[in-house]
Structures are given as C-alpha cells and as structure tokens.
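Participant: Please put together the full structure from these sequences, using the hints given.
In order, the protein sequence lines correspond to chains A and B. To get the working numbering, take the position in the first sequence, counting from 1, and add 1. To get the working numbering, take the position in the second sequence, counting from 1, and add 16.
I should point out that these hints are in silico values taken from the structure, not numbers from a laboratory. In this text, all values refer to a predicted model and were calculated from it rather than measured experimentally. We put the beta carbon where it would ideally sit given N, CA and C, even for glycine. Where hints are given, some of them may not hold.
Residues from chain A that face chain B, not an exhaustive set, calculated with beta carbons under 7 Å [claimed, not checked]: (1) Val27; (2) Glu33; (3) Ile63; (4) Ile65; (5) Leu67; (6) Gly70; (7) Asp202; (8) Lys207; (9) Ala271; (10) Ser299.
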Amino acid sequence: MNAEADLSTAVAGVRLKHLLMNASGVLGAYPEHLVRLAGYGVAAVVTKTFTVSPREGYGPPIIIGLGCGGYLNAVGLANPGVDELPKVVRKGVELGLPVIVSVGGSAVEDYVRVASVALDSGANALELNLSCPHTKGYGLDVGSDPTNVFEVAGAVASVSSVPVIVKLGLSDNYVKSAGKALEAGARALTLINTVRAMAIDVYALKPVLSNIFGGLSGPPIHPIAVRVVYDVYREFSPDVIGVGGVVDWVSAAELILAGAKAIQVGSALALGRPRELISSILKGLSNWAVELGYSRVSDLVGLAHRK
Amino acid sequence: MGSVHRSELPAVCGERLKPDFPKHSVTPARVSLNNALSQRFRVMRVRPQSLSYVPKPAQFFMVWIPGVDEVPLSVADYNADGEVTFIYEVRGFGTRKLSELGPGSFVGLKGPLGTPLDVSEGSSVLLVVGGSGVAPVPYITKYLASKGHRFEVVWGVKRRSELFNLGSFMSGVEYLHVATEDCSVGYCGLASELAETLLRRNRYDLVVGVGSKGMLRTLCRVTGGVTTYVVLEAMVKCGIGLCGSCYLPPTGKLLCVDGPVFTCGEVMEYLER
Chain A
2 MNAEADLSTA VAGVRLKHLL MNASGVLGAY PEHLVRLAGY GVAAVVTKTF TVSPREGYGP
62 PIIIGLGCGG YLNAVGLANP GVDELPKVVR KGVELGLPVI VSVGGSAVED YVRVASVALD
122 SGANALELNL SCPHTKGYGL DVGSDPTNVF EVAGAVASVS SVPVIVKLGL SDNYVKSAGK
182 ALEAGARALT LINTVRAMAI DVYALKPVLS NIFGGLSGPP IHPIAVRVVY DVYREFSPDV
242 IGVGGVVDWV SAAELILAGA KAIQVGSALA LGRPRELISS ILKGLSNWAV ELGYSRVSDL
302 VGLAHRK
Chain B
17 MGSVHRSELP AVCGERLKPD FPKHSVTPAR VSLNNALSQR FRVMRVRPQS LSYVPKPAQF
77 FMVWIPGVDE VPLSVADYNA DGEVTFIYEV RGFGTRKLSE LGPGSFVGLK GPLGTPLDVS
137 EGSSVLLVVG GSGVAPVPYI TKYLASKGHR FEVVWGVKRR SELFNLGSFM SGVEYLHVAT
197 EDCSVGYCGL ASELAETLLR RNRYDLVVGV GSKGMLRTLC RVTGGVTTYV VLEAMVKCGI
257 GLCGSCYLPP TGKLLCVDGP VFTCGEVMEY LER
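Facilitator: Next comes the structure, spelled out in structure tokens:
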C-alpha cells in the first residue's frame with residue numbers, strides 16, 4: 002500500500018540520492034551555512050555565487066515579500082570572495098554531500114579563477130551564474146548574449162575536471178544561449194534564475210529595494226520556469242536542473258515533466274520549516290510516481306513532451 | 017495506494033504557508049511620535065496599515081526608511097490600537113535619517129520577524145539589560161507580567177545621561193536596579209556584575225539577558241544552573257533566513273529566524289568566540 006518510488010537521479014553525471022537541492026543564493030557563503038542546508042535534507046548543496054574579490058552586496062532592503070506572492074531580491078552577489086571558498090567546499094564534502102559551486106565573475110578570467118579554486122577544493126560540479134538579473138556586468142548581460150555564454154562556458158569547461166553547469170535566466174535568447182552553453186561543453190543547464198522586476202511603495206512614493214531593481218522569485222515565476230525548461234528540453238534534451246517557484250511537489254513535478262532531472266528550491270525555504278518542506282516535496286513526488294505506476298521518479302523526466 | 021492531494025501538503029499555494037509572503041512584505045506605517053528619551057535613546061511610535069501577525073516579545077521588524085536604509089528594530093511595545101513602539105539609538109546613517117522623520121512620515125515594516133520569547137517556567141525572573149538591549153524590554157516585561165511572573169530588572173548603562181524613565185515603559189516590575197559604568201547612579205559597574213551579586217543573594221527561576229555579546233557571555237557564565245535565555249543582536253540584512261548575514265559562527269544558527277532568543281547552551285560557542 003505504501004510503496005515508495007526511487008527518488009535518486011543523476012544530473013551532469015553527478016549522482017544524487019534524491020532530486021532536491023537548494024538554489025544558489027540561499028545561504029551557502031560560509032561553512033556554517035552548509036551545515037544548515039544539510040540539515041534541511043537537500044541531496045546536494047549549491048554555494049552562494051563566489052566572485053574573485055569579496056563583495057559586500059547592496060544595503061538593505063535587499064529582499065521583500067510581495068503581495069502577489071514570491072520575493073523580490075537584490076542582494077548584490079554578496080560573498081566573502083574566492084579565498085574563503087575552499088573552507089566552504091571542504092565543509093560540504095565533510096558533510097557527505099555533493100557540492101556544486103556557483104561561480105560568478107565580470108570577465109572570463111574571473112570565472113576561470115573561481116572555477117579553479119573550486120576544483121582544487123574538491124567541488125563536485127560548477128554552476129556558472131550567467132543570469133544574475135540585478136548586478137551589472139555579473140550575469141544576465143552575459144547570459145543573454147549567446148556569444149558570451151559560449152566564451153565563458155568554453156573557457157571554464159576547458160579547464161574543469163568536473164561537470165560544468167550553466168545557469169541561465171529569462172532573456173530573449175535563452176534557447177540560443179542554452180545551445181551555445183552545451184556546444185561549449187556544459188554538461189547541464191540550470192533554468193531559470195530570478196526575473197528582473199521592481200516594487201514601488203505607494204505611500205513612501207519610492208522603490209523599495211535599495212538597488213531599485215531586483216530579481217523576482219517564488220510562485221509568480223513558476224510558469225515561466227516551466228516554459229523555459231520545456232522549450233530548452235524540446236530543443237536539445239539536455240540534463241536540466243529546474244528552478245523557479247517550487248513550493249510543493251506539484252510545482253516540482255511540473256518541472257520534471259517539462260524536462261528537469263533535478264530541482265532547486267529557493268524562496269520556499271524562507272517560509273518556515275524548510276526541513277519539513279523538503280521532505281513533503283519528496284514524499285509527494287514519490288506518491289505521485291507510484292500512483293502513475295512508475296517505480297522511479299526519473300522515469301517521468303520530460304514526459305510532457307510525449308506525443 | 018493513497019493518492020496525494022495538493023491540500024495535504026505544506027504548500028505556499030495551500031493554506032498553511034500562505035500568510036508568510038505578506039509577513040515578509042513591507043507594510044506602510046505612519047509615524048506618530050519620534051522623540052529623544054535620553055542622550056542615547058529615542059522612542060518612535062508608528063501605526064501600520066495592516067499587520068499579518070501580532071508581534072510577540074523579543075520579535076523585531078525590519079524598518080524601512082524610504083530611499084535610505086532598512087534597519088532591524090525590536091518591538092518595544094504593541095498596543096490595542098495597533099501601534100508599534102520602538103526604542104532605538106542613532107548608530108549610523110540609517111538610524112540618523114530615521115531620527116529625522118517627523119509625525120506623519122511613512123516608514124515600512126517587514127515582520128514581525130524572529131522567534132519570540134516563550135516562557136512557561138519560573139515564577140521569579142531576573143531580567144538583565146545592557147545598553148541598547150533596553151529596546152525590547154518594555155514588551156518583555158508586559159509579557160512576563162501577563163504570565164503572572166514576579167521579576168526584577170537590572171539595567172546597565174555607561175553613563176547617567178543615557179538613562180531615561182524606563183519604569184514608565186514597563187509593566188509589573190518588582191524592582192529596577194540601575195548600574196552605571198561611570199558610577200554616577202546606582203550600582204558602580206557592569207550590569208552583569210550586579211546580576212551576579214543578585215544571583216548569589218536571591219533565588220531566581222529564570223534569567224533573561226538582553227544586551228551586548230560581552231555582557232551575555234559573562235551572564236551565561238555566572239547564572240549557574242538557572243535556566244537562562246539571551247536575546248542577541250547581530251547584523252541582520254534580509255531578516256528571513258536567506259542571505260545568512262546574521263549567522264552565529266560556529267553554531268550554524270541564524271539570528272533572524274532561530275533567534276534572537278536562545279538558551280545559553282545553544283549559543284555559548286558563539287558567545288565565547
């Protein structure tokens with residue numbers, strides 16, 4: 002009666018005991034953060050985006066909840082810099098979890114530098130952040146240009162002994178950028194990042210975030226994430242890590258059917274009881290697969306494309 | 017085999033977690049009072065348009081000063097009219113701009129945030145307060161009084177000019193002991209030293225400390241076997257457990273969601289660093 006489906010998966014060649022990991026940006030900048038994420042029950046930890054030099058990020062407000070659901074954030078890639086990265090990676094390894102290092106930069110050399118420190122520290126995979134929507138020169142302006150994507154992904158892939166994953170966001174060119182990332186040697190794609198947006202307080206008469214613009218996350222972007230994953234999977238059938246507005250097993254299942262082999266959870270971890278959330282998504286996915294007659298959740302990847 | 021329905025799961029789109037997005041959104045609040053209390057402390061009262069939850073003792077709000085900054089402020093009081101009171105000091109650019117806002121101005125409130133003080137044990141409480149730790153004290157005393165506790169307060173400041181009439185903000189206090197580091201009023205020395213003296217002399221069922229890391233470290237060392245809660249301060253940026261700026265090394269705890277209230281045992285490693 003209570004049969005359980007196999008929740009294990011492999012993405013970019015990295016084997017995971019189940020499909021869920023945190024989205025980059027949720028903690029992940031210090032060893033203690035990884036201990037906490039491990040406590041949430043994720044199958045792999047994704048670090049905060051590391052840059053060569055430390056970045057303080059923007060001043061508060063850096064994140065606000067929205068009346069329509071979801072969050073708007075502009076943290077500004079705050080991180081302690083690449084010199085602190087080895088300690089973080091080693092902690093993840095010590096915890097027995099695959100460590101995916103989110104790599105940021107404003108030039109190709111930056112990405113290569115952070116990537117090589119991550120490799121030396123024992124990272125299991127690299128996730129190139131080519132889609133931060135609110136830090137000029139550090140993300141979306143790279144990821145929305147397929148030529149830049151090819152250049153950065155190629156440079157890192159050529160020096161990397163572990164799989165390179167490229168994280169892309171919403172842009173006019175996402176299918177083309179995805180293709181260029183794969184062509185350059187990316188083993189998987191993380192889709193999507195937050196979506197550039199803003200909020201204005203109608204009494205204070207001012208934009209709320211200190212950076213004015215931010216990245217929208219949570220339920221409002223979920224249908225966009227489903228569409229982007231579906232589009233890219235239809236074109237290339239790559240390994241995809243789906244992310245964007247995953248708040249329960251149904252939203253995770255949609256991304257799986259669109260083509261995601263693994264799922265990242267971000268905003269929903271801030272809504273209280275993150276450990277319970279992760280286990281309930283997993284339980285829901287397992288029950289869902291069993292109910293449909295599948296013994297492995299991974300057998301459901303991309304099934305929405307079946308004619 | 018049982019089918020799983022969406023409603024059985026803790027989903028944002030379901031009922032259980034739904035209110036938390038509004039809790040993290042910014043509620044406009046009109047300033048009704050913003051005055052100096054002493055050379056160090058100020059009091060501000062605001063009327064939010066709507067709050068998702070009634071704030072509880074030791075919880076805080078991220079207070080948005082439009083176009084300037086957002087600062088974490090403990091709730092000093094919340095009254096039946098829905099007004100929130102803050103006691104704060106001017107420490108930097110953000111709080112200086114906050115101090116310049118007159119009645120009628122708008123600020124934004126995100127919260128209430130953090131895990132509240134939840135006391136079920138003890139009938140005799142010693143509340144030890146140092147410096148800016150005074151901010152949440154009136155609301156804590158209101159809570160302790162409502163639970164029928166007997167309690168004394170130790171309030172330590174550096175110098176006399178920082179003192180204000182704390183008694184007028186508190187409820188049900190049996191005795192207020194003042195300690196000044198410049199020895200101008202009351203006990204000559206630190207709040208933690210006076211607390212140690214009182215702990216040797218009297219029997220308390222519970223100790224609550226609010227103040228600097230140093231004061232709380234000393235307090236945790238001297239309370240012996242008495243259950244002790246400490247209310248910590250830290251650099252809070254997001255307030256909701258995502259950015260990690262308020263983590264308490266090496267514990268892995270985040271002040272903004274796990275705290276600001278902890279037992280000494282939970283954070284001793286942090287306090288000792």
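Participant: Less than 7 Å between beta-carbons is the criterion; does Ala271/A satisfy it with respect to chain B?
Facilitator: With a minimum Cβ separation of about 4 Å from chain B (threshold 7 Å), the hint on Ala271/A holds.
Participant: Against chain B, is Asp202/A within 7 Å by beta-carbon distance?
Facilitator: 6 Å, holds
Participant: Would the hint on Gly70/A be counted as holding, given a Cβ-Cβ threshold of 7 Å to chain B?
Facilitator: 5 Å, holds
Participant: Quick one, is the Leu67/A hint okay against chain B at 7 Å, beta carbons?
Facilitator: 6 Å, holds
Participant: Using 7 Å as the Cβ threshold, decide whether Ile65/A counts as touching chain B.
Facilitator: 5 Å, holds
Participant: Go through the hint on Lys207/A and say holds or violated, using the shortest Cβ distance to chain B against 7 Å.
Facilitator: 4 Å, holds
Participant: Does the nearest C-beta of chain B fall within a distance shorter than 7 Å of the C-beta of Ser299/A?
Facilitator: For Ser299/A, the interface hint is violated, since the closest Cβ of chain B sits about 19 Å away, which is over 7 Å.
Participant: Classify the hint on Ile63/A as holds or violated, based on whether any CB of chain B lies nearer than 7 Å to its CB.
Facilitator: 6 Å, holds
Participant: Once the shortest beta carbon distance from Val27/A to chain B is found, is it less than 7 Å?
Facilitator: 5 Å, holds
Participant: Using Cβ atoms only, decide whether Glu33/A comes closer than 7 Å to chain B, and label the hint accordingly.
Facilitator: With a closest approach of 4 Å, the Glu33/A hint holds.
Checked against the numbered hints listed earlier, the structure breaks hint 10 alone; every other hint is satisfied.
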